[in-house]
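**Student:** Sequence:
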Amino acid sequence: MALISIDRERNLLTAEIQGLDKLWALKSRLEIPLAHVRGATHDPGIAREPKGIRVGGTHLPGVITAGRFRRHGERLFWDVKNPDKAVVIELADAETYDRLVVEVDDPRATVALIEQSIARR
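Offset between the sequence shown (1-based) and our numbering: plus 626.
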């Protein structure tokens, strides 16, 4: 699971990876400039899509998908155990990832927070 927050002073979206997911994802924190965030959606169905090639992390089908993946030239970061709580964050011109797929506690509130933040920039 990830905690998503917005730092308005630094214009950053931060994803703090929680608990043992840090180990499975090989990452504890992601910071993305808000200028690179295109949008966010709550998408439980994304867990059924092919993940691509695992570059670093863990993939146990039906249990956890965490870490870096490449699919059709796209760079993805995953941290999902419960697909019902999956949020997809689309990025543009980002140096590291094209898309973040993370499990959050409240998908609707997370999408609203991100959409509000990019509308204000």
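Calculated from the structure, these hints are not laboratory results.
A couple of the hints might just be wrong.
Claimed, not checked - Under the rule of at most 27 angstroms between Cα atoms (straight-line distance), these lysine-lysine pairs were calculated in the DSS-like manner:
1) Lys-707 - Lys-648
2) Lys-711 - Lys-648
3) Lys-653 - Lys-711
4) Lys-677 - Lys-711
5) Lys-677 - Lys-653
6) Lys-648 - Lys-677
Claimed, not checked - Pair by pair, the computed Cβ-Cβ distance ranges are:
7) Pro-670 - Gln-644: 28 to 34 angstroms
8) Asn-708 - Ser-654: 17 to 23 angstroms
9) Arg-734 - Arg-674: 18 to 24 angstroms
10) Pro-687 - Met-627: 15 to 21 angstroms
11) Arg-636 - His-698: 17 to 23 angstroms
12) Thr-640 - Arg-697: 20 to 26 angstroms
13) Lys-648 - Ala-735: 32 to 38 angstroms
C-beta: ideal position from N, C-alpha, C; glycine also.
**Student:** Return the numbers of the hints above that this structure violates; sort them in rising order.
**Tutor:** Of the numbered hints given earlier, those the structure breaks are 7, 11, 13, listed in rising order.
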